[in-house]
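Visitor: Mind docking chain W with the ligands on chain Z? Use the hints.
As they're listed, the protein sequences go chains Z and W.
Residues 1 to 229, numbered by the working numbering, are exactly what the first sequence covers, in order.
Residues 1001 to 1404, numbered by the working numbering, are exactly what the second sequence covers, in order.
Heads up, a few of these hints could be off.
As the list claims (entries may be wrong) - In silico lysine-lysine, BS3-like type, Cα no more than 30 Å apart, as pairs:
| no. | chain 1 | residue 1 | chain 2 | residue 2 |
| --- | --- | --- | --- | --- |
| 1 | Z | K189 | Z | K123 |
| 2 | W | K1005 | Z | K120 |
| 3 | Z | K120 | Z | K178 |
| 4 | W | K1005 | W | K1112 |
| 5 | Z | K123 | W | K1005 |
| 6 | Z | K78 | W | K1005 |
| 7 | Z | K123 | Z | K185 |
| 8 | Z | K20 | W | K1212 |
| 9 | Z | K59 | W | K1394 |
| 10 | W | K1394 | Z | K78 |
| 11 | W | K1394 | Z | K74 |
What the hints assert, rightly or not - Label pairs and their computed distance ranges (CB to CB):
| no. | chain 1 | residue 1 | chain 2 | residue 2 | range |
| --- | --- | --- | --- | --- | --- |
| 12 | Z | L66 | W | S1396 | 41 to 51 Å |
| 13 | Z | K2 | W | T1319 | 44 to 54 Å |
| 14 | Z | S43 | W | V1284 | 48 to 58 Å |
| 15 | Z | K217 | W | S1396 | 47 to 57 Å |
| 16 | Z | H140 | W | L1004 | 15 to 25 Å |
| 17 | W | V1302 | Z | S43 | 21 to 31 Å |
Worth flagging that the hints you see were computed from the coordinates, not collected in a lab.
All of these numbers come straight from a predicted model, not from anything done at the bench.
C-beta atoms are modelled at their ideal positions from N, C-alpha and C, and glycine is treated no differently.
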Amino acid sequence: MKEIVRLENVWKIYDMGEVKIEALRGITLEIREGEYVIIVGPSGSGKSTLLHILGLLDKPTKGLVLMEGQDTSKMKDKKLAHLRNRKIGFVFQSYNLLPRLSALENVELPMIYAGVPPRKRRKRALELLELVGLGNRIHHRPNQLSGGQQQRVAVARALANDPVFILADEPTGNLDTKSGEELLKLFRKLHEMGKTLVVVTHNLEIVSEGTRVIRIKDGMIESVERRGA
Amino acid sequence: MEILKEVTRSLLSNKVRTFLSMLGIVIGVTAVIMVMSLGAGMKESVTKRLTSLGSNIILVMPGIVGGSGGKIAQALESLQEEDVKDIESMCPSVKKAIGLITGNFLIQHRDKNTRASVYAAPSGIFQILNLKISSGRSFSEDEEEKNVAIIGQEIAYNLFEDENPLGKKIYIVQGGRKLIFEIIGVFAKTGNILMLNPDNLILIPYNTGKYKLFQSHKNVSMILASSFSPEAAESAVMEIDHLLYNKFHQQENYYRIISQEAILNVVSESVSIMNLVLLSIAAVSLVVGGIGIMNIMLVSVVERTREIGIKMAIGASRTRIMIEFLVESIMITFLAGAIGILLGILGSNTIVSAFGKAYGLKPVINPLSLLVAFGVSASVGLFFGLYPAYRASKLSPIEALRYE
Ligand SMILES: Nc1ncnc2c1ncn2[C@@H]1O[C@H](COP(=O)(O)OP(=O)(O)O)[C@@H](O)[C@H]1O
Ligand SMILES: [Mg+2]
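So that you can see chain Z by itself, here it is in the shape it has in the complex (with noise of 0.2 Å):
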């Protein structure tokens, strides 16, 4: 399978003037199309530190972040800006929609960033919500929404533009059991529909779905686990 996106000994070192945290230490990990991988460790390892990393939201102290292949340390913000919105969808523990937007708004959002023109956009927008099991709450704003809601149209925002991988920070943090069951059972069917999925999680349901399973403790990749897929 191709490679999405590697990591080549990663370090990500927090400068607090006394003390430098290091939040990774060398990590090395390259992630396949159709992979459905999970991070797990405990608190403070550096899961979303290592997130972000891959979704180019930050950048490492040291090493280098292939995406396709290409060197982005070098990139410009509008390139990074640019990658974000076309090739990586982003789930995050606190859904993290814009409060003022529509559900169908908020995920019209990362295609008007792409140019994408009205018509065109609102169709997707109603497809993906009608995916995610929304297509009766389009109009409603976040907080009209429960919580699971909220987290399946960030799921639905994450797949606006087609991106090549999908990556999600404790999706399930803050959802119940039956919101979490089911956006467990939406990553399976986006697993499924050969989509990449990259989660942080906690949940052993989640867990057990997945194709790898990567262990993070203190900074460093303690244990990969291949499952037959």
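Guide: Below, chain W with the ligands alone, put in the same frame as chain Z:
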């Protein structure tokens, strides 16, 4: 575009603050518009009054002596008929010059009487001054020695009230003698213009006045001249001055020259100065308003930190974030500019209808000044929005997302 929609939404989501942030600009623009329209209106109305008697007018008056050390101030009898001819023939910028003999007399009609300024002038006065006659006619060259008179509205009212004065006889009382005149015309109502009040004026032919009423020899009370054009007014004044200066053996206080053009220049200069002063006050208010906008935008950047982070995470470039904030501040100031323009127009009309009617003052709203007001307010938005927008664009997406 999408940005406009997005920005409008964020402005509407905080109406009170948006409105408050506009105040400084609104006040500034209102002031600019009011100053400009009232200034222009004032200039126009004064100019209109000053030129209602004609243009390019130059007045030569005798000098005044005394007035200090117990001596009574007295106009010199310095100007002569010969000077009139010389001014007309020797000053190339002067188109026409006439001499006037003036005096104040008791006027009688039947049992009524009044006092009026009597001007004896050749019929050429009608070529220099645009004296409007509301009824009857003016006198012509071949009536130079006839006892005919054109009277002002005020005199007509004092002596005749509602009666038609045309064809009626009046007496001008000179010492013990009474001279009889036939009224052939009545001036239109004008009001006081350039030291001359046609409403309280009786105009009679020059020779009639000279020989019968004033019995003067060669003296004239003043000289009225016109230049070929407004541009020639200054050189005409200089030529006349040069001529008289030599004639009066370099005694420059023997005469005074007043040109309409010079008065107009003074008016337009004082309007300009007033405009400048008020506009700089308005500029201060615009700057203060701009700083207010900057302040609000900075607060708004902080408040929307998380939102900025989200947008960056889903693919908004820094440039895009910057533009969104810039468009927002420009929209605020643009809107403020529009409100300011409306209030300015409203305000100047209110002021005019409250105080200005009597002076024929009308606000003059120059489309250019509207454009300038819009331009200035948008630039204020751009300038003062730049720093907050820059700050927004420089946020790190991670830090921004972490922000609560
Ligand atoms: N912006 C930051 N400044 C300083 N330290 C940070 C910052 N972000 C994360 N860290 C530190 O880096 C380590 C890893 O954090 P994080 O990646 O959020 O862990 P996880 O997501 O696994 O809980 C933690 O010790 C955390 O305190
Ligand atoms: Mg985390």
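Visitor: Is K123(Z) close enough to K185(Z), meaning Cα to Cα at most 30 Å?
Guide: holds, 24 Å
Visitor: Between V1302(W) and S43(Z), is the Cβ distance one that fits in 21 to 31 Å?
Guide: holds, 28 Å
Visitor: Given the hinted pair K78(Z) and K1005(W), is their Cα-Cα distance within 30 Å?
Guide: holds, 23 Å
Visitor: Does K189(Z) pair with K123(Z) here, judged by a C-alpha cut-off of 30 Å?
Guide: Distance ~21 Å between K189(Z) and K123(Z) Cα, so the pair holds.
Visitor: For K59(Z) and K1394(W), compute the direct alpha-carbon distance and say whether it is at most 30 Å.
Guide: The hint holds at about 15 Å.
Visitor: What's the verdict on K1394(W) and K74(Z), does the C-alpha distance respect the 30 Å limit or exceed it?
Guide: holds, 18 Å
Visitor: Could you grab the alpha-carbon distance between K123(Z) and K1005(W) and see if it respects the 30 Å cut-off?
Guide: holds, 19 Å
Visitor: Taking only the CA atoms, is the gap from K1005(W) to K120(Z) under or equal to 30 Å?
Guide: Holds, at about 18 Å.
Visitor: Verify the CB-CB distance for H140(Z) and L1004(W) against the hinted window 15 to 25 Å.
Guide: Holds, at about 24 Å.
Visitor: Has the given pair, K20(Z) with K1212(W), been kept, meaning a C-alpha gap of at most 30 Å?
Guide: Cα-Cα ~115 Å, so violated.
Visitor: Taking the beta carbons of K2(Z) and T1319(W), is their distance inside 44 to 54 Å?
Guide: violated, 31 Å
Visitor: Between the beta carbons of S43(Z) and V1284(W), is the distance compatible with 48 to 58 Å?
Guide: Since S43(Z) and V1284(W) have Cβ atoms about 55 Å apart, the given range 48 to 58 Å holds.
When the structure is compared with the earlier hints, violations turn up for hints 3, 4, 8, 12, 13 and 15 and for no others.
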